[in-house]
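Given chain A, put chain B in place with the hints provided.
Line by line, the protein sequences give chains A and B.
Counted the way the working numbering counts, the first sequence spans residues 1 to 192.
Counted the way the working numbering counts, the second sequence spans residues 1 to 261.
If you're looking for bench data, these hints aren't it; they were derived computationally from the structure.
Where a beta carbon is used, it is the ideal one built from N, C-alpha and C, also for glycine.
Each statement offered as a hint is correct.
With a cut-off of at most 20 Å between alpha-carbon atoms, the simulated DMTMM-like pairs for lysine to aspartate or glutamate come out as follows:
1. A/K98 <-> B/D31
2. A/K95 <-> B/D31
3. B/K147 <-> A/D159
4. B/K25 <-> A/E97
5. B/K118 <-> A/E156
6. A/K101 <-> B/D31
7. A/K93 <-> B/E59
8. A/K95 <-> B/E59
9. B/K118 <-> A/D159
10. A/K165 <-> B/E115
11. B/K3 <-> A/E70
12. A/K101 <-> B/E59
13. A/K93 <-> B/E35
14. B/K24 <-> A/E97
15. B/K95 <-> B/D255
16. B/K25 <-> A/E89
17. B/K24 <-> A/E89
18. B/K124 <-> A/E156
19. B/K124 <-> A/D159
20. B/K29 <-> A/E97
21. A/K93 <-> B/D31
22. A/K98 <-> B/E59
23. B/K3 <-> A/E65
24. A/K157 <-> B/E115
25. A/K165 <-> B/D156
26. B/K33 <-> A/E97
Below, a sample of chain A positions facing chain B; criterion: calculated Cβ distance under 10 Å:
27. I59
28. M63
29. L64
30. G68
31. I69
32. L72
33. V75
34. F79
35. L84
36. L87
37. F91
38. A94
39. Y100
40. V160
What follows is the residue order along each chain.
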Amino acid sequence: MNDLLVIMFSALFVNNIVLMQFLGMCPFIGVSRKTNAALGMGFAVMFVMALASVFTWAIFRLMLEPMGIEFLRIVVFIFVIASLVQLVELFIKAKSEKLYKSLGIYLPLITTNCAVLGVAFLNINKDYSFLGSLVHGISAGVGFMLALLLMSGIREKLDVDNVPKPFRGIPIAFIVAAFMSMAFMGFASLLG
Amino acid sequence: MIKIALFSIGISAFFGVVLTISAKKWVRKVDPKIELVDKELPGLNCGGCGFAGCAQFAEGVVADPELVGKCVVATRHAKKKIAKLLGVEHKSEEKKIARVLCKGGNNCLDLVSYEGVKSCAACKVAGGFKQCSAGCFGFGDCVQTCKFDALKIVNDVAVVDFEKCVGCGACVKACPQMIIKLQPKSQEVAINCSSNDSMKEKAKYCKTDCMGCGICARSCPSKAIEMVNNLAIIDYDKCINCGVCVAKCPRKNIDQVKQSK
Chain A
1 MNDLLVIMFS
11 ALFVNNIVLM
21 QFLGMCPFIG
31 VSRKTNAALG
41 MGFAVMFVMA
51 LASVFTWAIF
61 RLMLEPMGIE
71 FLRIVVFIFV
81 IASLVQLVEL
91 FIKAKSEKLY
101 KSLGIYLPLI
111 TTNCAVLGVA
121 FLNINKDYSF
131 LGSLVHGISA
141 GVGFMLALLL
151 MSGIREKLDV
161 DNVPKPFRGI
171 PIAFIVAAFM
181 SMAFMGFASL
191 LG
Chain B
1 MIKIALFSIG
11 ISAFFGVVLT
21 ISAKKWVRKV
31 DPKIELVDKE
41 LPGLNCGGCG
51 FAGCAQFAEG
61 VVADPELVGK
71 CVVATRHAKK
81 KIAKLLGVEH
91 KSEEKKIARV
101 LCKGGNNCLD
111 LVSYEGVKSC
121 AACKVAGGFK
131 QCSAGCFGFG
141 DCVQTCKFDA
151 LKIVNDVAVV
161 DFEKCVGCGA
171 CVKACPQMII
181 KLQPKSQEVA
191 INCSSNDSMK
201 EKAKYCKTDC
211 MGCGICARSC
221 PSKAIEMVNN
231 LAIIDYDKCI
241 NCGVCVAKCP
251 RKNIDQVKQS
261 K
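Same shape as in the complex, but just chain A:
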């Protein structure tokens, strides 16, 4: 239980996937203009990360490792994640119109996102158990959503503020992200 909590807090704050590990910056900058888009994207990423963690862990530990072909994990993980997300998208599209409109449209964007793949690799590198991988996947997703929500709140205000012309739009967003990253460094010794 204790180590699950450690995994959770580390993924949320200390090693925040966007602000501290610099993964998944593309949707972070791209989808953070409006808060409800950010929320939808955050949920989609959380869901995909959880799903990806579970399946890739299983495939690695139960198939790749026993067969001695761990080196194939890059290719296999990408393949598996892409197929899973496609499956999920088909399912959501067919079953729930509302759910599709709120998060289904972001699913193709995060299919081969480096953040999702990164989480899958980290589960292996850090030797997490099955439950640990699941918790890590979900928490990394929540950490991503947290960073995205903070960013969208700031950007909505920046859009109407008096930003100097050369900085308007993406440049100021990157500068703000850098400041947020520095702020999150304050969590560095949270877990001792």
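For chain B alone, kept in the frame of chain A given last:
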């Protein structure tokens, strides 16, 4: 070597089969008419129809064919085609364009110095900064919302490019002062002022206002102009687009947008 080959083929085959079966099973039943309608639409996603975009309008109009006329940008020919696809008759509606009913800008004096966020909506919340309560703030919320590049801020007041305006109404919704109005193209003349303040007050703070002098009302050959609360109001049932008021107005406030024949 064999292991890798077998594993790759195995996992690819597995997912290939699963995806193919799901694609066939979990098919979203989409009315084919929606795509046919969507092809006829301009695809500009301006939102003038009231829907989020052209794809949503296509869905909405297949569900309720009466809404065909809502698309202000599609040509009459396209709308007739859509109506035929849906099995209804379509009567063409008249094209409208946006008119900004203010010519103040830097011709209108400020009441206070405004240091806040440079957005009309924000300024309205703060209470405005012009001496005229119905004046254009000139921060360009309308310019930003226009998808057809038909609005500009000139001398701190919004100006419409009548060639580019399609009458989608986005600017009307965006203006917090509510001084932009959609007007049918056949109603060529408009009084570009919305202030009901007294003649004395208006004379003090604005140089391009409607003074309330009534010269236009007196010179109108069809008696279409009436002075209501220090502001000229045109009765478009009587207006014959002759343009006499445009010439007679001492502030040059009235403008006429001639319809291209």
